[in-house]
Amino acid sequence: MRAVSVEEAVAMIPPGASIMVGGFMGVGTPERLLDEVVRQRKTDLSVICNDAAVPGKGVGKLFDATLVSRLTATHIGLNPKAQQQMLANQVAVDLIPQGTFVERIRAGGCGLGGVLTPTGVGTLVAEGKRQIEVAGTTFLLETALRAKFALVHAFLADYLGNLTYALTARNFNPIMAMAADTVIVTAEHIVPVGVIAPDHVVTPAPLVDYLITNG
Amino acid sequence: MDAQTIIARRVAQELHTGDLVNLGIGIPTLVANYVPPELKVFFQSENGLIGTGPIPEQGLAHPLLTDAGGRPISALPGASTFDSAMSFGLIRGGHVDVTVLGGLQVDAHGRLANWMIPGKMVPGMGGAMDLVSGAKRVIVAMQHAAKGKSKIVAKCTLPLTSTRPVSMVVTDMAVIAFLDGRATLLETAPSVSIAEVMAVTEAELVIPDNVPEMKI
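Chains as they are written, first to last, in numbering that gives the first Met the number 0: chain B, 0 to 214; chain U, 0 to 215.
Please note that a few of the clues may not be correct.
Selected chain B positions facing chain U (in silico; Cβ < 8 Å) [stated by the list, open to error]:
#1 72
#2 74
#3 115
#4 118
#5 119
#6 124
#7 165
#8 166
#9 169
#10 171
Everything labelled a hint here was simulated from the structure, so no lab data went into it.
Predicted model only: the values in this text are computed from it and were never measured.
The beta-carbon is built from N, C-alpha and C at its ideal position, and this holds for glycine as well.
Generate the whole structure from the sequences, applying the supplied hints.
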């Protein structure tokens with residue numbers, strides 16, 4: 000793990016990159032990283048995030064700045080700008096069930112080719128997907144999902160990069176921290192090693208590549 | 000009593016002590032207001048919380064403690080938080096006893112459509128498909144008709160949320176269950192007749208000999 004400035008971290012992200020962004024309706028999203036992505040105008044991004052949040056918040060800021068060309072999400076109903084950009088074919092949107100979304104990312108981070116889920120069988124979601132029967136139940140084969148970068152927001156990070164999360168701001172963050180080539184983290188507080196007890200570490204330090212310095 | 004209150008009060012009667020319950024957005028959210036305090040129910044918020052409490056008093060909201068719509072909520076003593084893989088493991092894995100969702104259409108066999116209107120409204124399914132596929136009991140809480148058109152239809156014209164039939168539909172006019180795959184009228188709302196329910200229900204209804212009135 001290396002501690003870097005937010006400018007330095009975002010400079011590593013090329014235009015057109017695939018980025019996973021933690022957060023649920025903007026809660027638990029690394030806002031400082033997204034503000035810097037907007038400032039450096041990283042265009043043509045392929046974004047993997049649960050939802051499109053709302054304008055001015057979380058990944059909503061990326062839609063405000065029209066930096067997204069592709070979105071993989073479960074729900075965009077509360078961001079009219081994301082909807083407009085989808086309807087105008089400026090953003091290609093892949094909507095998938097939330098349980099499938101998180102399991103595909105988990106599979107991507109755990110070295111699995113995909114998962115078998117009953118969710119979506121017999122619906123529009125099943126179109127073009129392989130169906131596999133196991134012990135009399137039909138499942139959809141949903142393939143693993145990874146990205147070049149994961150932008151993660153933690154509550155506490157220690158100087159080594161061990162992470163804990165707070166309340167409902169945990170959501171997709173620890174799962175995404177497993178599923179990208181480069182993991183960049185912001186934390187509400189950065190604390191000395193030992194403050195986070197081993198039993199309380201959720202994301203172990205070796206998973207974190209860059210920690211954004213505070214202050 | 001207005002339509003939403005009738006529905007929320009009646010759905011609340013389906014919850015039991017110890018149940019893990021997930022409430023959707025809209026009318027389902029109101030159900031929590033009618034659960035008697037002696038009934039110890041665990042409410043799950045799918046963004047990673049069991050033990051959801053009421054909206055906090057002004058000034059006590061925490062930006063990292065929100066419901067699935069991103070609004071501030073509280074956590075009751077004994078609450079637990081977890082990541083989204085755990086949250087949907089609970090949902091898909093059959094650990095959620097009851098889920099209450101809104102609906103656009105329910106067909107004669109109990110199949111629900113509630114996530115998109117092609118060409119008009121494509122918000123995404125969020126957690127709805129997993130909830131309907133995996134919760135032990137699925138209750139749809141919705142108005143019986145929209146703009147005079149029955150929402151309980153012979154066949155869904157909107158894309159299905161799941162092919163798995165729901166357990167029960169509670170509307171402002173009736174309680175309908177899907178026994179042996181057929182829509183069956185279990186109760187009528189106060190001062191609503193069986194004939195009135197049948198008149199605004201497109202799906203064919205099985206009418207048992209005894210159809211009591213909701214006790215709300």
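Evaluated hints:
The interface hint given for residue 72/B holds, since its Cβ lies 6 Å from the closest Cβ of chain U, which is under the 8 Å cut-off. Nearest Cβ of chain U to the Cβ of residue 74/B: about 4 Å, under the 8 Å cut. The hint holds. Because the smallest distance between the Cβ of residue 115/B and any Cβ of chain U comes to about 11 Å, over 8 Å, the interface hint for this residue is violated. Interface hint at residue 118/B: satisfied, since its Cβ lies 5 Å from the closest Cβ of chain U, which is below the 8 Å cut-off.
This hint holds: residue 119/B has a C-beta 6 Å from the nearest C-beta of chain U, less than the 8 Å allowed. Among the interface hints, the one on residue 124/B holds; its C-beta lies about 7 Å from the nearest C-beta in chain U, closer than the 8 Å criterion. Given the 8 Å rule on beta carbons, the hint for residue 165/B holds: about 5 Å separates it from the nearest Cβ of chain U. For residue 166/B, the interface hint holds, since its Cβ comes within 8 Å of a Cβ in chain U; the closest pair sits about 4 Å apart.
A least Cβ separation of about 5 Å between residue 169/B and chain U falls short of the 8 Å threshold, and the interface hint therefore holds. A least Cβ separation of about 5 Å between residue 171/B and chain U falls short of the 8 Å threshold, and the interface hint therefore holds.
Checked against the numbered hints given earlier, this structure breaks only hint 3.
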